Amino acid sequence: MPEFIGRALNAIRMFVPNELHGIVTDDIVLMRRMAAGERNALGMLYERHAGVAFAFARRMLADADDAEEAVQDAFLALWRRAETFRPGGAAPRAWLLAIVRNRCIDQLRRRRGEANQSLDDAQANVSANELWPEIWKRHCGDVVRAALAALSSEQREVIELGFYSGLSHSQIAARLDVPLGTVKKRMRGGLKRLRSALDERYARSAT
Amino acid sequence: MNEHDVFDLLDEYALATLAPAEMVRVREHLATCAACRREYDELRNVLDVLPFSLDEERPNVEARKRLLARLDAPQAAAPAGSAAGVVPRRPVWIGALAAVCALALAGDAWSAWQLSHHTPGPLALVSTTPAPLAPPSAVPERHTAPSVTPARTPTVVAAPRTPAPTPAPRAAGPASTADIALRARVARLAAALRNERRRESARIASDRRRIVALESALANQTAALVALRTAPVPSAQPSQAAPSELVAALSGGRVYGVDGVVGSEPWHLTIVQPPAGANALIFTDVPHAPSGETYRTWVVRGAKTFDAGVLPAGTQTKLVMPMPLEAGDVVAFSREPLDGGDQPTNPFLMQVKI
Numbered sequence: 001m002p003e004f005i006g007r008a009l010n011a012i013r014m015f016v017p018n019e020l021h022g023i024v025t026d027d028i029v030l031m032r033r034m035a036a037g038e039r040n041a042l043g044m045l046y047e048r049h050a051g052v053a054f055a056f057a058r059r060m061l062a063d064a065d066d067a068e069e070a071v072q073d074a075f076l077a078l079w080r081r082a083e084t085f086r087p088g089g090a091a092p093r094a095w096l097l098a099i100v101r102n103r104c105i106d107q108l109r110r111r112r113g114e115a116n117q118s119l120d121d122a123q124a125n126v127s128a129n130e131l132w133p134e135i136w137k138r139h140c141g142d143v144v145r146a147a148l149a150a151l152s153s154e155q156r157e158v159i160e161l162g163f164y165s166g167l168s169h170s171q172i173a174a175r176l177d178v179p180l181g182t183v184k185k186r187m188r189g190g191l192k193r194l195r196s197a198l199d200e201r202y203a204r205s206a207t
Numbered sequence: 208m209n210e211h212d213v214f215d216l217l218d219e220y221a222l223a224t225l226a227p228a229e230m231v232r233v234r235e236h237l238a239t240c241a242a243c244r245r246e247y248d249e250l251r252n253v254l255d256v257l258p259f260s261l262d263e264e265r266p267n268v269e270a271r272k273r274l275l276a277r278l279d280a281p282q283a284a285a286p287a288g289s290a291a292g293v294v295p296r297r298p299v300w301i302g303a304l305a306a307v308c309a310l311a312l313a314g315d316a317w318s319a320w321q322l323s324h325h326t327p328g329p330l331a332l333v334s335t336t337p338a339p340l341a342p343p344s345a346v347p348e349r350h351t352a353p354s355v356t357p358a359r360t361p362t363v364v365a366a367p368r369t370p371a372p373t374p375a376p377r378a379a380g381p382a383s384t385a386d387i388a389l390r391a392r393v394a395r396l397a398a399a400l401r402n403e404r405r406r407e408s409a410r411i412a413s414d415r416r417r418i419v420a421l422e423s424a425l426a427n428q429t430a431a432l433v434a435l436r437t438a439p440v441p442s443a444q445p446s447q448a449a450p451s452e453l454v455a456a457l458s459g460g461r462v463y464g465v466d467g468v469v470g471s472e473p474w475h476l477t478i479v480q481p482p483a484g485a486n487a488l489i490f491t492d493v494p495h496a497p498s499g500e501t502y503r504t505w506v507v508r509g510a511k512t513f514d515a516g517v518l519p520a521g522t523q524t525k526l527v528m529p530m531p532l533e534a535g536d537v538v539a540f541s542r543e544p545l546d547g548g549d550q551p552t553n554p555f556l557m558q559v560k561i
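If you read the protein sequences in the order shown, they are chains A and B.
Mapped onto this note's numbering, the consecutive letters of the first sequence carry residue numbers 1 to 207.
Mapped onto this note's numbering, the consecutive letters of the second sequence carry residue numbers 208 to 561.
The following block holds chain A by itself, in its conformation from the complex:
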């Protein structure tokens, strides 16, 4: 195949890549541009992801002002750390949301009067192996809601307390007045069940 054809096909593949490849690529390009000091790139990333980041922070903090501050802090952290970003790792958005959650947990711990040791953004917990492409995540709101609804209310409760309220397993056990072992079982069982529901749904949508 002549080289120019290969290049054209490449261009097409990148222009309209399979699934959301393009969105991830764009985010990675924007991260690089941020690393090069381009403020516009930060603005563009903000346009893309502030909606989900703000909804997430608001769900955790139940306060629009605190949520906005957490989101701003997270975007600034992303800006400051753009140079350390490695495209082979987690997608920028997963990183951003992990940092948003860190900021929210810091805030919740302050509100609860717990010892305040800020979570380290450099170690923000994200998976290096993305199972589901970004395009699917963007459109999977109903799927995730359905998967959550399929959990038992006990499982959903511990997951929400752990994920959105940032409570440790012992704190959840104390709050619900159940043994720690029960919390662990509901948490792991609930996450596994969510995982298989999401896998199944993703496999169906991908075929």
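No lab work stands behind these hints: they were computed from the structure.
Given the structure is predicted, the values throughout are model-derived calculations rather than measurements.
Wrong hints could be hidden among the right ones.
[As the list claims (entries may be wrong)] Below 25 Å or equal to it, Euclidean Cα-Cα: the simulated SDA-like pairs (lysine to any residue) are: (1) A:K184 to B:A510; (2) A:K184 to B:A238; (3) B:K560 to B:A510; (4) B:K525 to A:R59.
Put chain B on the given structure of chain A with help from the hints.
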């Protein structure tokens, strides 16, 4: 801590709710244990999608400006998560409304005194709200998110600047005249709040409609292109399809191949101008710029030179240009310092006329 213990802690580790020392121990273990890493990745992937179950909410429209302004603040260089608040926070609209009402009252101090001492009801309530009695210029332009936003501060602040109506009689025993004047003033403020809230809702609704339209356009385009990708023609008879025809068939756009040598390094670029005035794209295969520098893209149109962004290095990367290209434009590239301005300072390394 043995392997079983760590396996047991992985969901709390993924949730970042372990004590700091345990977080470190699990992290160290994960670096050496593939089985635990797999389990962690699985848990983490599930947690990663949970935020997508929430309906997206746009933050306050001013928030983006505030974020970019914070880049200039000295605190932007401070370590992430430093506990000190960086942005002036609160008072939100309630504070602003209270301040406004207080100003309105101050314009008629005697009546205000009378009211706050003799008249129970909403006015007394508002005037005793523990909010700073800031002058209008000091009221931060913050307000809560759309769903609970009653008003944008500046409009509210502007209201009391209108000249007061008839001054209230000073020595009047019954507070009725002053009462009426003040209640009218508060009613006007409330109406201003309502109007602002209505405008805000309309703006949000129109933004939502635009997003839905854009998403559906994206979905259509993606579907069309997936269909084209799976169509047998391009792969079955590749030698018959010139790239410009392929892209034209695909989208009605135009493609320009650019090859050259910069220094001793080969550069391959493909410039794509999609149809319908969309912004142009460049797919690149160029080496990294020397340390401390970037390759910048410029569009020379007539006597003007526009900044089109940093050209990403490496294979299969893409730059979305900030504008569509027009016939006669020259796309040019130069090497610039990382903090270069919006005009080229070095000679063009390569240029192509569209």
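Hints and how they fare:
Between K184 (chain A) and A510 (chain B) the alpha-carbon distance is near 68 Å, which puts this suggested pair outside the 25 Å criterion. Between K184 (chain A) and A238 (chain B) the alpha-carbon distance is near 24 Å, which keeps this suggested pair within the 25 Å criterion. The suggested pairing of K560 (chain B) with A510 (chain B) holds, with an alpha-carbon distance near 14 Å, which does not exceed 25 Å. For the hint pairing K525 (chain B) with R59 (chain A), the CA-to-CA distance comes to about 35 Å; that exceeds 25 Å, so the pair is violated.
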